[in-house]
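Student: Residue numbers (this note's numbering), protein chains in the order written: chain W, 1 to 289; chain Y, 1 to 326.
Each hint should be verified, as a subset may be incorrect.
Claimed, not checked - Calculated Cβ distances over 10 Å to all of chain Y for the following chain W residues: (1) Arg126; (2) Leu204; (3) Tyr253; (4) Leu283.
To be verified - With a straight-line Cα cutoff of 20 Å, these simulated SDA-like cross-link-like pairs (lysine to any residue) come out: (5) Lys25(W) with Gly125(Y); (6) Lys117(Y) with Trp24(W); (7) Lys235(W) with Thr288(Y); (8) Lys25(W) with Asp116(Y); (9) Lys115(Y) with Val283(Y); (10) Lys115(Y) with Val29(W).
Since the hints were derived computationally from the structure, they do not count as laboratory data.
Glycine included, every Cβ here is placed at the ideal spot set by N, Cα and C.
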Amino acid sequence: MSLLSTAPRLLVDVAPRSTWKSPWKRVTVIAGMTVTSFWLVVLITLSWWAPYKPLDAVGGRLQAPSWHHLFGTDALSRDVFTRTLYGARQTLPVSVGVIVCAVTIGTVLGSLAGFFGGWIESVVMRLVDVTLAFPPIFLAMAVAAALGPGLQNAFFAMVIVWWPIYARLIRGQVQAVKHRDHIQAAVSIGATRWRILRKHVLPLSFTPALINATLDLGQVVILTATLSFLGLGAKPPSPEWGAMITDGAQFFYQWWVAVAPGIAILTVAMSFNFLGDGLRDALDVRAKR
Amino acid sequence: MPFLLLGIVTIAFCISRLIPADPLASIVGVRQMANPTIVAAARQKWGLNGSILEQYWVFLKNLVRGDLGISFRTRKPVTHDLLDRLPATLELAVGALVVGGVGGVALGAYAASKKDKMADHLSRGFSLLGSSLPVFWIGLVFLFVLYARLGWFPGPGRLPPRTKPPGHVTGFYTIDSLLDGNFTLFRQCLWRLVLPCFVLGWAYMGQLSRLVRAAMLDEINSDYVRTARAKGLAERLVMRRHVLRNAWLPTLTILGFSFAQLLTASVLTETIFQWNGIGSYAVQSANTLDFPGINGVSLFAGLAFLLANLATDVLYAVADPKIRLA
Numbered sequence: 001m002s003l004l005s006t007a008p009r010l011l012v013d014v015a016p017r018s019t020w021k022s023p024w025k026r027v028t029v030i031a032g033m034t035v036t037s038f039w040l041v042v043l044i045t046l047s048w049w050a051p052y053k054p055l056d057a058v059g060g061r062l063q064a065p066s067w068h069h070l071f072g073t074d075a076l077s078r079d080v081f082t083r084t085l086y087g088a089r090q091t092l093p094v095s096v097g098v099i100v101c102a103v104t105i106g107t108v109l110g111s112l113a114g115f116f117g118g119w120i121e122s123v124v125m126r127l128v129d130v131t132l133a134f135p136p137i138f139l140a141m142a143v144a145a146a147l148g149p150g151l152q153n154a155f156f157a158m159v160i161v162w163w164p165i166y167a168r169l170i171r172g173q174v175q176a177v178k179h180r181d182h183i184q185a186a187v188s189i190g191a192t193r194w195r196i197l198r199k200h201v202l203p204l205s206f207t208p209a210l211i212n213a214t215l216d217l218g219q220v221v222i223l224t225a226t227l228s229f230l231g232l233g234a235k236p237p238s239p240e241w242g243a244m245i246t247d248g249a250q251f252f253y254q255w256w257v258a259v260a261p262g263i264a265i266l267t268v269a270m271s272f273n274f275l276g277d278g279l280r281d282a283l284d285v286r287a288k289r
Numbered sequence: 001m002p003f004l005l006l007g008i009v010t011i012a013f014c015i016s017r018l019i020p021a022d023p024l025a026s027i028v029g030v031r032q033m034a035n036p037t038i039v040a041a042a043r044q045k046w047g048l049n050g051s052i053l054e055q056y057w058v059f060l061k062n063l064v065r066g067d068l069g070i071s072f073r074t075r076k077p078v079t080h081d082l083l084d085r086l087p088a089t090l091e092l093a094v095g096a097l098v099v100g101g102v103g104g105v106a107l108g109a110y111a112a113s114k115k116d117k118m119a120d121h122l123s124r125g126f127s128l129l130g131s132s133l134p135v136f137w138i139g140l141v142f143l144f145v146l147y148a149r150l151g152w153f154p155g156p157g158r159l160p161p162r163t164k165p166p167g168h169v170t171g172f173y174t175i176d177s178l179l180d181g182n183f184t185l186f187r188q189c190l191w192r193l194v195l196p197c198f199v200l201g202w203a204y205m206g207q208l209s210r211l212v213r214a215a216m217l218d219e220i221n222s223d224y225v226r227t228a229r230a231k232g233l234a235e236r237l238v239m240r241r242h243v244l245r246n247a248w249l250p251t252l253t254i255l256g257f258s259f260a261q262l263l264t265a266s267v268l269t270e271t272i273f274q275w276n277g278i279g280s281y282a283v284q285s286a287n288t289l290d291f292p293g294i295n296g297v298s299l300f301a302g303l304a305f306l307l308a309n310l311a312t313d314v315l316y317a318v319a320d321p322k323i324r325l326a
């Protein structure tokens, strides 16, 4: 039994509980789901109903919002509303991709480190420490600048910045789980270490990573837009939210150029925050209220 | 600690060698490449004739002397540039920490005391907004509404247009103007800090208030709070003297992390508010592919982050009597 008493405390236990007690939770989770599905639907069906093409010059340049152009037109006479909708096709897949890659790399390295320990653990965790020692934006900026601007390079830069967070998280979880009784039982019936890791340890360790991934998705959306805003992400003609705000900053008094993309980023980031919070409450016994 | 330091330096070195350009060209600048004496001197100084390990060693030696190379853009030593711009960023960061820290603790405590009432929802919404807003966008919105349209706040920049900066003593315009005895300028500088500090501090405020709220709700259920209430202490005093006293400690733990976020956001705030600090230096360097500049800034940011984390540990030990420094 000494094994149990020395085991680190588990962050997450399995018993789910009701998320729906407080009105705040109800409203925010529903809002998060609604907004996320709205953007998903936009993303998929956009090409059938969008009023204009994102790169076409329509009407005059820098026109104020009107019925023809809901959010006005930009300096190259393009419809801001259309471009904002198309922006979802740039930012959302990139953000989801970053998180998926970061979680995958982090899970693989983190679980190896936590489960096998020894030199693997030392190498992985030192790498994690060093990467996390940089404030993310500076590392991302340096990498993006070194690789050259472009959405693809911004993608790599963000994966480099983000994977260590998950590696650390998963490692802690794996360490906490691997001393549990059912693992001992699996060892005693002769299961291989790989099988134990895959079938018994990982499923119990993955929940916090899932919660964090949802919460982080909003942050990655913001970081993607940030890198583009700084000129290190999407290149000019493509309708990316951050790059559109850069245009807006240049035509400061034509406020409508930057309004729509800003609202888009805000709604997406906020709804992922809501969803992540809701998910944490639904899965995590330790979360308070 | 020493390991992390070395790690940061190593990564900065790797990034500088990862650049798809001749490192020599990135040290002396493309235009100087035609000049054989300069090229030879730079080769010598940065040990570019040797193997990658030797180069690394020379990089370390130059670093210890505080030599980060010459920026292509400003044509001055990067170290000099960074030190020159540090006060501007610090002024902004301190202001934001004050706004975020005070605002966050107050907001979190208030929300906890009004749990599940309208005020609670509003303050939670406000803090959530802070962490979901793109800093560069809300900065623009504030500037447009509060400066261009309403004229309540001054525009971007550290000084009013066509104003001479105060005599250079510390580099902090607020302190320097006071040293000059120029109170009008001091007021103007301070007033110009308000908007950028709020924009920068908002995200921090949001995070802090969530943490404080959760910690307070934890403490409210404990026995000593019940005792305090049972002996008839006013609810206000219970909250302030007992609950908040214990609940604000965890906020120190996110200080290091928040500092990193602050640095991140300062890049954007400085760009929007035309603030001549480290953040805008980083952006300008990245956009002009000024590699010594980028490298210097990321190294600097890594070191600052490291120091912030160290300070967090020390502060925590000082503030929490339960922890003793070994």
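Student: Against this structure, judge whether each hint is valid.
Tutor: These are the hints, each one checked on the structure:
1. Not every CB of chain Y lies more than 10 Å from the CB of arginine 126(W), the least distance being 7 Å, so the non-interface label is violated.
2. At roughly 25 Å, the least C-beta separation between leucine 204(W) and chain Y is larger than 10 Å, which holds for a residue marked as non-interface.
3. Its closest Cβ contact with chain Y, about 7 Å, brings tyrosine 253(W) to no more than 10 Å, contrary to its assignment away from the interface.
4. No Cβ of chain Y comes within 10 Å of the Cβ of leucine 283(W); the nearest lies about 17 Å off, and the non-interface call holds.
5. For a cut-off of 20 Å, the pair hint linking lysine 25(W) to glycine 125(Y) stands: about 12 Å separates their Cα positions.
6. A threshold of 20 Å between alpha carbons decides the hint, and for lysine 117(Y) with tryptophan 24(W) the separation of about 10 Å falls inside it, so the pair holds.
7. Under the criterion of a C-alpha separation no larger than 20 Å, the hint pairing lysine 235(W) with threonine 288(Y) is consistent with the structure, at around 15 Å.
8. Between lysine 25(W) and aspartate 116(Y), the direct Cα distance comes to roughly 11 Å. Compliance with the 20 Å bound is thereby established for this hinted pair.
9. Straight-line distance between C-alpha atoms of lysine 115(Y) and valine 283(Y) comes to about 42 Å, which puts the hinted pair past the 20 Å bound.
10. For the suggested pair lysine 115(Y) and valine 29(W), the alpha carbons sit about 19 Å apart, so the restraint of at most 20 Å is met.
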